[in-house]
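Trainee: Quick note on numbering: the sequence shown equals residues 1 to 84 in the UniProt record's numbering.
Any given hint could turn out to be false.
What the hints assert, rightly or not - Lysine-lysine pairs mimicking DSS-like chemistry, simulated, CA-CA at most 27 Å apart:
1. Lys41 / Lys56
2. Lys56 / Lys70
3. Lys56 / Lys66
4. Lys41 / Lys66
5. Lys70 / Lys41
What the hints contain is simulated information worked out from the structure, not anything from laboratory work.
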Amino acid sequence: MRKAPMKSLPTINFEISQLYPCTGVHRINTCANPDCFNFGKPFADQITRQRLRNEKYPDLSPEQAKLFDKHGPGTYKLSGADNA
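Make the full structure from the sequences, and use the hints.
Mentor: Spelled out as structure tokens, the structure:
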């Protein structure tokens, strides 16, 4: 069986309007990086993140809880938040 030669694969770059085509002029607060743990997840305030953490992982040590609150799901800096 002969193998067909592989051609180089095209580079695909998605824009937020392609990932969320119905948004129009609305802004959606999600991480737009597909490699990010928070991709497509809405931003959550600290109280909401802590409540969800306590429900899902009630046995975390204080050090683990601090890391989860700082880097867990829903935690990221909104683009342009410093300019508001």
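Trainee: Work down the list of hints and note, for each, if the structure agrees.
Mentor: Cross-check of the supplied hints:
{"no.": "1", "hint": "Lys41 / Lys56", "in the structure": "17 Å, holds"}
{"no.": "2", "hint": "Lys56 / Lys70", "in the structure": "16 Å, holds"}
{"no.": "3", "hint": "Lys56 / Lys66", "in the structure": "15 Å, holds"}
{"no.": "4", "hint": "Lys41 / Lys66", "in the structure": "20 Å, holds"}
{"no.": "5", "hint": "Lys70 / Lys41", "in the structure": "16 Å, holds"}
Violated hints for the displayed structure: none, as all numbered hints are satisfied.
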